[in-house]
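Student: The chain contents come next:
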Amino acid sequence: MNHFKLVITALRRQRMRTGLTIASLVTAFALLGLLQPVRELFTQRSSLAGAGRLAVLPKHSIADFLPVRAAARIRDLPQVRGVAHRTWFGGTFRDPKNTFARWAVPPAEFLALHPEIVLSDAQRDAFVRTRTGAIVGKATAEKYGLKVGDNVTLVPDIWGNKNGGTWEFQLVGIFELENAAAAPVDMFLNYEYFDEARVWGRGLVSYITVGLDDPNAADSVAAQIDALYANSDAETRTASEQEYALSFARQIGNVGLIVAGILGAVFFTIAMLAANTMSQAIRERTAELAVLRTLGFQRARVFVLVLAESCAMTLLGALSGLVVAQLLIGSLASVSAQLGAARIGPATLGWSVALAAIIALLAGVPPAWRASRMRIVDALRRSG
Amino acid sequence: MPLQQTLAIARVNLRSLRFRLSASLVAVCGIAGVVLVIVALLSMARGLESTLRVSGRADRVLILRAGSNSELNGAITREQVRIVADKPGLAASGNEAPISGEIYTSVYLPRTDARDANLPLRGVAPTSFAVRPELRIVRGRLLEPGKFELIVGRRAAQEFAGLAVGRHISVRGTRWEIVGVFASNGSVFESESWADGATLAEAFKRGPFLSSITAKLRSAAAFSEFRDAIASDPRLQLHVWRESDYYAQQASSSTGALRIVGGIIGTIMGLGAIFAALNTMYSAVNARTPEIATLKALGFSAAPIMGSVLIEAVFLSLIGGCVGVALAWAIFDGYSASTLGATFAQVAFEFAVTPGLAAAGVGLACVLGAIGGLMPAVRAARLPVVAGLREA
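Chains as they are written, first to last, in my numbering: chain A, 1 to 384; chain B, 1 to 392.
Rather than coming from a laboratory, the hints here were simulated on the basis of the structure. The reader is advised that the hints may include incorrect statements.
Beta-carbon label-pair distances, calculated as ranges [what the hints assert, rightly or not]: (1) Arg69(A) / Leu142(B): 39 to 47 Å; (2) Ala260(A) / Thr174(B): 39 to 47 Å; (3) Ala122(A) / Asp233(B): 46 to 54 Å; (4) Ala357(A) / Gly334(B): 32 to 40 Å; (5) Ala197(A) / Ile260(B): 36 to 44 Å; (6) Gly19(A) / Ser16(B): 23 to 31 Å; (7) Leu142(B) / Lys162(A): 20 to 28 Å; (8) Phe344(B) / Tyr144(A): 18 to 26 Å; (9) Gly173(B) / Ala223(A): 19 to 27 Å; (10) Arg370(A) / Val378(B): 30 to 38 Å; (11) Pro145(B) / Ala72(A): 38 to 46 Å; (12) Asp59(B) / Ala234(A): 40 to 48 Å; (13) Val148(A) / Pro208(B): 39 to 47 Å.
None of the values given here were measured: they were computed from a predicted structure. All C-beta atoms, glycine included, are put in the ideal place defined by N, C-alpha and C.
Just chain B, same shape as in the assembly (with noise of 0.2 Å):
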């Protein structure tokens, strides 16, 4: 019985929007707001999240000096890369280890945007390939060792100017040509630019360190018995990450500040929304007084009356949610940005507004609607019989 009541004042109520259609449209206009404006930047939080994601796979390890936090920071030698390619647990692959000690190095160079930045630089070993084999060239060819080659990510080959087949770039007085672009599932890597490691270790004079080494295991597995034997030879003072876990350790750190303003930003633009549900309530409230009194007087009890009112609120958040995640989807979903990774060098993702952020968005609006009905819901519930009618 209710519920029958509920149902019938709130259909009334809905069908009498369109003649406080000025209200109701802010109200739906500043749900909309927040909602577009905290998927827009969690979906930026999560495209570069999912980035480093696919970069690591379980079964890969990458060996870094022991106490360096990244690449940029390692000094290995190729001794040690010898010695690591004896070690158990390693994926067997004809007469070469699947094993590739890789320079990792930027260099400065004008973005689209024309503003510098540090685009990764990776001087890779003829095995690097074979080790990352989700890697495909998508323009152009690979390169061929010794000369002054380079291939470049698809994503860096957007973020920066003149990367394109066939250009050169000069750095440090050396010319390189660039001979292909590269895709990997949407990568890391897709942001870096790779050379033959010997030739930019002769060219840029870096001496005989190595910044890292990347191996692929028997399997997954393999992983602590790999690890434990690296750690027992006293001729290395090598750290062993999964490669998995090294860029899950990248994505929680570079999103955390993103998700720390976007919950700033949010909490106050959400405020500012609930204050603009409370107006637009308070005046359907109040404009409806004479109605709620009739209601009343009819024999309606206050719940009915207050979860028309309720309902009502959350309906029209309901629509400002949704107009909010369309707008965000439409407009952020897959556009591309970079950011400063954990080596100072930029990493290029895509927005992505998933299926989860979207309904994220819809269930806060219809939370801050449903506070912003709260209150005018208990004063309409509330109304005297008399002065509600006398009013009229």
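Chain A on its own, in the form it takes in the complex (with noise of 0.2 Å):
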């Protein structure tokens, strides 16, 4: 009889018990493999060396604007490989509650600015060059049931247009994300229109997004341009594009001390949980543990025996619990695009690692070491 067998017949002896301690270990993974991603999101500071793009912003306040002209200076800096810019339309759709993103882009620099976005070479043409063109991504077109062809009326808050009343554009493509680090949900209107019928702030935008021939140039670039503008009246702040979006996540509040709390108390609990059930198993099996040592198990295999218990109990938490919280993730898109964009990474899987051998020694040591130390007299004799 090997050992495997020997553990996997002990952890049988009190299925209810085992199952639920297990499903216990289960939750506890499961909430680690939830939050930690969540978690990441919201802290990792994201180095500017490597970023796929930069954002230009108005230095003092997302109220602000930018001239349009700063693009085509951007551009002529060197390891620019190109320039794109983007306006915050706003407005509603339908109803105010229907609060997916839309903004104002020149399409030919923008897509050729972002390849992840996937549109067919048609459509992709279609939004080149159709003036009051609009493209939209594909979960938001699912949502509010729009095809390719139909009409995007759109109510002005911040841009009244000049023809007075409502904008239309028409919907010439349904995009998808590749790779998707968040849900297809934007909405991208041609720029060129917007400008020339806004009442007021032409040659206005939000920001201006830089692609660079070396990823690795980012921090020089950066410097570079905001060197460009200081002390101008349009001073700028730029960060890569992923920091930016970052930023307003972080924003919503100290989400990483939140999530340690409530791993803590989680974790603090589980440990104690297990710890209980393993001592308890192994009380009630003395005289068989008293046997075994009769019959010729050296100390140390005894020790290794109860440990491998608790490990294999701790174990199979530990997995099932980051099984169930992969299944779970995906609905966090739900809650909100960015959540979507949390995946179980190296770190997670390190705490999980790290938190699953601290639960099997603080469950498992401390029986095995009674167990191992045990006098075989006494123990039969107890159990008598």
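From the two separate chains plus the hints, produce the assembled complex.
Tutor: Right, dumping it as structure tokens:
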């Protein structure tokens, strides 16, 4: 009879108890697998180096604008592969509750800079050529039943239309995102038409996006851009586009601290539960372990046997918990598009391994030690 | 009779709890942890909600450009403010109408945790203070028109670095002196900074547009008269919100995600706590198998035995629930935090562990305990007498 069989037999002795302990380990690791990726999303300090694109923002306020001509000047800088810009359109689509983002962009430059936007060649051409064209992410299109060729009516808030009343755009494409780091929810409108028809603010954009030849040049290009506009009317603040998106997420609150608090409370309880279960299980089996010793099992072997039991339970619980987390994590996208980008990564796996090891040892070592130290005669007499 | 039996057994069980201390503690801690986390998350939602709700009054209106959902997106002319001031339904006050056209923008500043965040900056008119009589200066003094001066809300001063009276901040090459700190019943305005509107418009080269109009009605009942007068004037493409409705809508949209996330976390943690309670109660029943069999042999029926196990489970979770609520209250009640509001700027608020939340937490604990105790209770009741006695 090998060790493995002995461990399995021991675990199956009190199936209900083993099952419940593993189930509570599953919930703890499911929470870890769900919350740690969210925490990373909010706390990772992404450096500029290696960033795919830069975002050039007005320095002082998100309510400010940059002149569109700044884009042309940035394009002439070394290492810059391409430049596009975005202007927050806002407005209302059907109901104020429909809050997907709407941006005015220059179609050709924008599509060239965003290879992750998957659009058929025909729809790509249509977006570039249609003056009143718009494209929308598949998730939003499905949510509101939009089809290519539909008219999209937007009621303006910031940007009044010279022709009065509402803005009419023609939906010429529905896109998906490659290697989706977020759900395809945004709507993009043709900037040229938008700029001609807006009541005020001609030539002003919300921010400029910059593509780089060499991602490692991000820091130096960012510094050059900010130097170019220092002390001008339109001072800039350049960061990686990812960092810009995250800066909003971080302003939601100290998610890192909250998550750490929740997980701390959960794992403290689960470790206690597992330790209690293990010591109870070993106490009940004192006589059996004494028999094993009588049969010639060394102290070390008994120690390993008991420890293996707690390791097996923790391992099973941790693995199933992460599987559950993987299944649940997709549902975060329904809470917010940004949370949908959470993925179980190396850090989550590292934490899982570390916490599983700690729980297995905390729960397994004390009873294993007691079991290996006991005197056979006492143990057999006590259970007699 | 069965009730007496139940209580008799329960009393013995509870007295013997100290012999099963570690197992019982696990159940208590499990429940306390769940209650702590859920009450903390809900108290955050409750605090944010009450901050937004006290901001709006039924006898005040917020006027935005038609189609606009928040003050950040407004574009209103001064001419429109003058037209609105003549509409019926507004409160009468001396020679000046209680109406203020305001600029709403935000500036990027370091918070006390050194991370940059958006501080709301409101360009106000002299009438803004008459429109919001709840606002009072707690340190320093009011603004003087035409000067580069700021007053900051009590909570903004806590959340952002360097917003003390007498300090200066530079924005866009202009230097602003902080001359006062104000409070306003814990409303959302306490998260803002205020400057003289005309000075701000010039310094920020904002052009002639205002973001919103706030006005005081004669009474809450005058709302429809006023709204209809605005709607029927073709010169005004404006939407009138009753101020309380505007903030109620923001409250429900900004706490929605928090409640969903709290729900997901709470469900998973609740399951874990039920497993812990089940485990504890099953081992309690196991440990007492001979005793239970003896009781049955003496003539106790199944119901009191079941009831006594349930009572023990609920008792343990009641302790856990009270511990959890007490911890949540001690750690989080009044804890100040800030989040991203509807205008992409910071809204500061305080966690509020209300009596209602505390009761809900303890109630939840009892439900979890009852669920965790039910199956072990059934097992105890079904225990065959002979097998149980033999084990002894």
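Student: Which constraints among the numbered hints does this structure fail? Numbers only, ascending.
Tutor: Hint check: 7 fails alone, others pass.
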